[in-house]
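A.B. asks: Dock chain B against the given chain A, drawing on the hints supplied.
These protein sequence lines are chains A and B, in that order. If you read the first sequence in the working numbering, its first letter stands for residue 555, the second for the next number, and so on. If you read the second sequence in the working numbering, its first letter stands for residue 555, the second for the next number, and so on.
Any given hint might turn out to be false.
If chains are identical, the list can't say which one is meant, so a pair holds when it fits in one copy or spans any two.
[Claimed, not checked] List time: in silico DSS-like cross-link candidates among lysine-lysine, alpha-carbon distance up to 30 Å: (1) Lys649 with Lys705; (2) Lys576 with Lys705; (3) Lys786 with Lys576; (4) Lys786 with Lys650; (5) Lys840 with Lys576; (6) Lys673 with Lys749; (7) Lys650 with Lys705; (8) Lys673 with Lys688.
Worth flagging that the hints you see were computed from the coordinates, not collected in a lab.
Number of protein chains: 2
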Amino acid sequence: MLKIEEYRQIIDEQIQMLGGMKRPEGLYDPVRYILSLGGKRLRPVLCLASASLFGEYSAALMPALGIEVFHNFTLLHDDIMDQSDVRRNHPTVHKKWDNNTAILSGDAMLIKAYELISKSPVGVLPQVLEVFNKTAIEVCEGQQFDMEFEKTSDVTEEGYLDMIRLKTAVLIGGSMKIGGILGGGSLRDCALLYKFGLDIGMAFQLQDDWLDVFGDQETFGKKIGSDILNNKKTFLLISALNRLEKASKKELLHWINRKEYEAHEKINAVTRLFQEAGVSEVLIQKRDDYFTRSLENLGKINGDHEMKQEIENFVHKLMARSR
Amino acid sequence: MLKIEEYRQIIDEQIQMLGGMKRPEGLYDPVRYILSLGGKRLRPVLCLASASLFGEYSAALMPALGIEVFHNFTLLHDDIMDQSDVRRNHPTVHKKWDNNTAILSGDAMLIKAYELISKSPVGVLPQVLEVFNKTAIEVCEGQQFDMEFEKTSDVTEEGYLDMIRLKTAVLIGGSMKIGGILGGGSLRDCALLYKFGLDIGMAFQLQDDWLDVFGDQETFGKKIGSDILNNKKTFLLISALNRLEKASKKELLHWINRKEYEAHEKINAVTRLFQEAGVSEVLIQKRDDYFTRSLENLGKINGDHEMKQEIENFVHKLMARSR
Numbered sequence: 555m556l557k558i559e560e561y562r563q564i565i566d567e568q569i570q571m572l573g574g575m576k577r578p579e580g581l582y583d584p585v586r587y588i589l590s591l592g593g594k595r596l597r598p599v600l601c602l603a604s605a606s607l608f609g610e611y612s613a614a615l616m617p618a619l620g621i622e623v624f625h626n627f628t629l630l631h632d633d634i635m636d637q638s639d640v641r642r643n644h645p646t647v648h649k650k651w652d653n654n655t656a657i658l659s660g661d662a663m664l665i666k667a668y669e670l671i672s673k674s675p676v677g678v679l680p681q682v683l684e685v686f687n688k689t690a691i692e693v694c695e696g697q698q699f700d701m702e703f704e705k706t707s708d709v710t711e712e713g714y715l716d717m718i719r720l721k722t723a724v725l726i727g728g729s730m731k732i733g734g735i736l737g738g739g740s741l742r743d744c745a746l747l748y749k750f751g752l753d754i755g756m757a758f759q760l761q762d763d764w765l766d767v768f769g770d771q772e773t774f775g776k777k778i779g780s781d782i783l784n785n786k787k788t789f790l791l792i793s794a795l796n797r798l799e800k801a802s803k804k805e806l807l808h809w810i811n812r813k814e815y816e817a818h819e820k821i822n823a824v825t826r827l828f829q830e831a832g833v834s835e836v837l838i839q840k841r842d843d844y845f846t847r848s849l850e851n852l853g854k855i856n857g858d859h860e861m862k863q864e865i866e867n868f869v870h871k872l873m874a875r876s877r
Numbered sequence: 555m556l557k558i559e560e561y562r563q564i565i566d567e568q569i570q571m572l573g574g575m576k577r578p579e580g581l582y583d584p585v586r587y588i589l590s591l592g593g594k595r596l597r598p599v600l601c602l603a604s605a606s607l608f609g610e611y612s613a614a615l616m617p618a619l620g621i622e623v624f625h626n627f628t629l630l631h632d633d634i635m636d637q638s639d640v641r642r643n644h645p646t647v648h649k650k651w652d653n654n655t656a657i658l659s660g661d662a663m664l665i666k667a668y669e670l671i672s673k674s675p676v677g678v679l680p681q682v683l684e685v686f687n688k689t690a691i692e693v694c695e696g697q698q699f700d701m702e703f704e705k706t707s708d709v710t711e712e713g714y715l716d717m718i719r720l721k722t723a724v725l726i727g728g729s730m731k732i733g734g735i736l737g738g739g740s741l742r743d744c745a746l747l748y749k750f751g752l753d754i755g756m757a758f759q760l761q762d763d764w765l766d767v768f769g770d771q772e773t774f775g776k777k778i779g780s781d782i783l784n785n786k787k788t789f790l791l792i793s794a795l796n797r798l799e800k801a802s803k804k805e806l807l808h809w810i811n812r813k814e815y816e817a818h819e820k821i822n823a824v825t826r827l828f829q830e831a832g833v834s835e836v837l838i839q840k841r842d843d844y845f846t847r848s849l850e851n852l853g854k855i856n857g858d859h860e861m862k863q864e865i866e867n868f869v870h871k872l873m874a875r876s877r
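Just chain A, same shape as in the assembly (with noise of 0.2 Å):
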C-alpha cells in the first residue's frame, strides 16, 4: 500500500480513538459527530508525509490530529457564522444540537487540538508551537476577510487571493512545516515544505472555484453551480466583476441582486457574463502558475526520494479531480 494511504487510514483509526471523551455528553457528541463526518484527512495526511520525508512519522502523529481537530474546530464555527445547514451531507452541529453547543464545543476542539499538538517532543515544541499559533490566527483573520467580503461589492482579486492564503493556505503550508519540524528536516526545507504547502493550498482553492461552475456534476460530487446561486465571492465572480465592461458588470449585479429565478436560468446567465470575462482561463493561468511553484519547492526539499515522489503523485490527483 502507498505510504500516504496508510497515514489515511492511521488518522481515521486515532481519529476514532479521540471519541473516548467523556461527560458531559451534551459537550463531546458533537465533537464525536462532526469529527465521524470523515473527508480526506489532507492537513493531517500531509503532516505525516512531511514528517517521513526525513524521518519516523511517529513524532507527528498525536500533532496531525491536532491539526485535524483544528480544522475541524474552524469548519464547526465557520458553519454558524456562514448559517450553513449541511456539511459533507450532514446536517451540521448548529443545526442538529444549536448555536450554543456549537460555539461551546467548538471552544472544546480549539483546545483538544492543542492538547495535541502539546504533545510534540519538548526539543522541538516550542517550534511546533510558534508554527501553530501564528496559523491558527492567521486562518481566524482570513475568515474576518472571507465574512467582510460578502458584505462589500469592493473587493479586488489581491484581496481575494490574500483572503484565501489566510483562510486556507496557511493551514496547508503549516501542517506541512510543522512534520518536516518533527521529522527532523533542515529549516531550509521546512521553510520549502511552508512554501509548497501554501501554494498547493492556493492552487486547490482556485481549483475549487473553478469546478463548481466548469466542473463535471458526477465526478465533483458536489452540486453545480451552488457558489452561483449563493452570490458567493469565488475568484471567478470577484475578477469578472472587475473585469467586465459596463453593460456586462450591470448583467452581472443584476443577477446577484435579484431575488427570484430559475435556478439553471441563473446559473447559465452568471457562467456565460464569467466566459464573456474570460476569467476561468485567468483562473487556470494562476492556478496553474502556483501549482507549478509549489512543485518547485517540493523539488529542492532533500528527503527521502520515494517519498517526495507520493507527495507529487498525491496533490497531481488532487488537482486532476474531475476537470
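C.D. replies: Structure of chain B alone, referenced to chain A:
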C-alpha cells in the same frame, strides 16, 4: 506599594500593550474592547504572586497575561450563550457588534492566550501546557453543566458545587499552579497552590451567590436580587429547592414560573423562602469550610513568608467585600 498592587498595575499596562494587533480591525477591535473593560485581574495577579513565592515573577508574566486573555475569551463566548447584554457596565461584544464577530474574536483570543502561554521558558513549557490544557477544557465542561442546569429543575447541591469547581475554581487553581511552576516551586508546593486556588475559588463563588441576596447594595456594586429575578440556579436556589418542605417549595416554584410580578415583591418573597430553608447558613458554612481549608494549604507552602502574607491579606479583603 504592596507587591500585589504592583502586579495588578503591571498586568494592566501589559494588557494595553497587547492592543497592538493589526488588521483586520473587525477581528481585533472587539478583543481590545473586552480587554479594556478592566476587572480585578484576579487570575494573572495570583499567577504572578505564586511565582514570586519562589523566584522572580518575570518568567510568569506572559503566561499570566495569557490566562487573563483566556478568562476574557470565556466571558465573551459565555455572554453570547447566556444572551447577556451588559458586562462590567458596558454592552457585551455580541451586542456592540454581532454574534459572528463575538464568536470569531473569541476564537482569536483563545489562540492569543495560547500564544502567550507558549512564551513560558522551554524547560517548564510542557508542565505549564499540561495544567493549562486541562484547566481550559474543564472550564468548557463547567459552562456546559451550567447551561444544562438552567434547563432542569433537578440539580443537587453536589452537582452545583462540581459545576462551579469546573467553571470558576479550576482556573484560579490553575493560574496559581502555573505561577508556581514558572517561579520554580517544588511539585509539592505547586500542588498546594492548586488546592489553595481551587478552594478560594469555591469560596469566592459561594460568596458571590450570597452577596446577590444578602449583600449591601452600596458596597456590592451590583443590584441586589438580580440572580433571583433571573431565576439563576445559584447555590441558594438549588439548596432551597432541595431543602424546603412541600408547600414552601411549591411557593418557590410558583415565583420562579410567574411571568408578571413586581421586582421587589419577588425578591422579598424568595429571600424569605431562602431564610425559611436556612440556606444562607448552609452556604456560609460551606464557604467558610473552603476558605479555612484554603488558608491551611497556603500555610503549608514553603515560600517567601511576606508574599504568603500578602496573598492571605488579599483573599481576606476579597472575601470581606460588603459582608
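A.B. asks: Could you place Lys650 and Lys705 in one of the four classes (within, between, both, neither) given a Cα distance threshold of 30 Å?
C.D. replies: Intra 27 Å, inter 18 Å, cutoff 30 Å: intra and inter.
A.B. asks: When no copy is named, should Lys576 and Lys705 be tagged within, between, both, or neither for a Cα gap of at most 30 Å?
C.D. replies: between (41 Å within a copy, 21 Å between copies)
A.B. asks: Checking an output row: Lys786 and Lys650, CA cutoff 30 Å. Within, between, both or neither?
C.D. replies: Intra 24 Å, inter 27 Å, cutoff 30 Å: intra and inter.
A.B. asks: Using 30 Å as the alpha carbon limit, work out where Lys649 and Lys705 are close: within a copy, between copies, both or neither.
C.D. replies: Close inside one copy (24 Å) and across copies (19 Å); limit 30 Å.
A.B. asks: How do Lys786 and Lys576 come out at 30 Å by Cα distance, when the copy is not named: within, between, both, or neither?
C.D. replies: between (39 Å within a copy, 26 Å between copies)
A.B. asks: Is it within a copy, between copies, both, or neither that the alpha carbon of Lys673 lies no farther than 30 Å from that of Lys688?
C.D. replies: Classified as both: same-chain Cα gap 18 Å, cross-chain 13 Å, threshold 30 Å.
A.B. asks: Is the C-alpha distance from Lys673 to Lys749 at most 30 Å within one copy, between copies, in both cases, or in neither?
C.D. replies: Answer is both; intra-copy 25 Å and inter-copy 26 Å each pass.
A.B. asks: For Lys840 and Lys576, with the copy left unspecified, which applies at a CA distance of at most 30 Å: within, between, both, or neither?
C.D. replies: between (47 Å within a copy, 28 Å between copies)
The structure agrees with every numbered hint stated previously.
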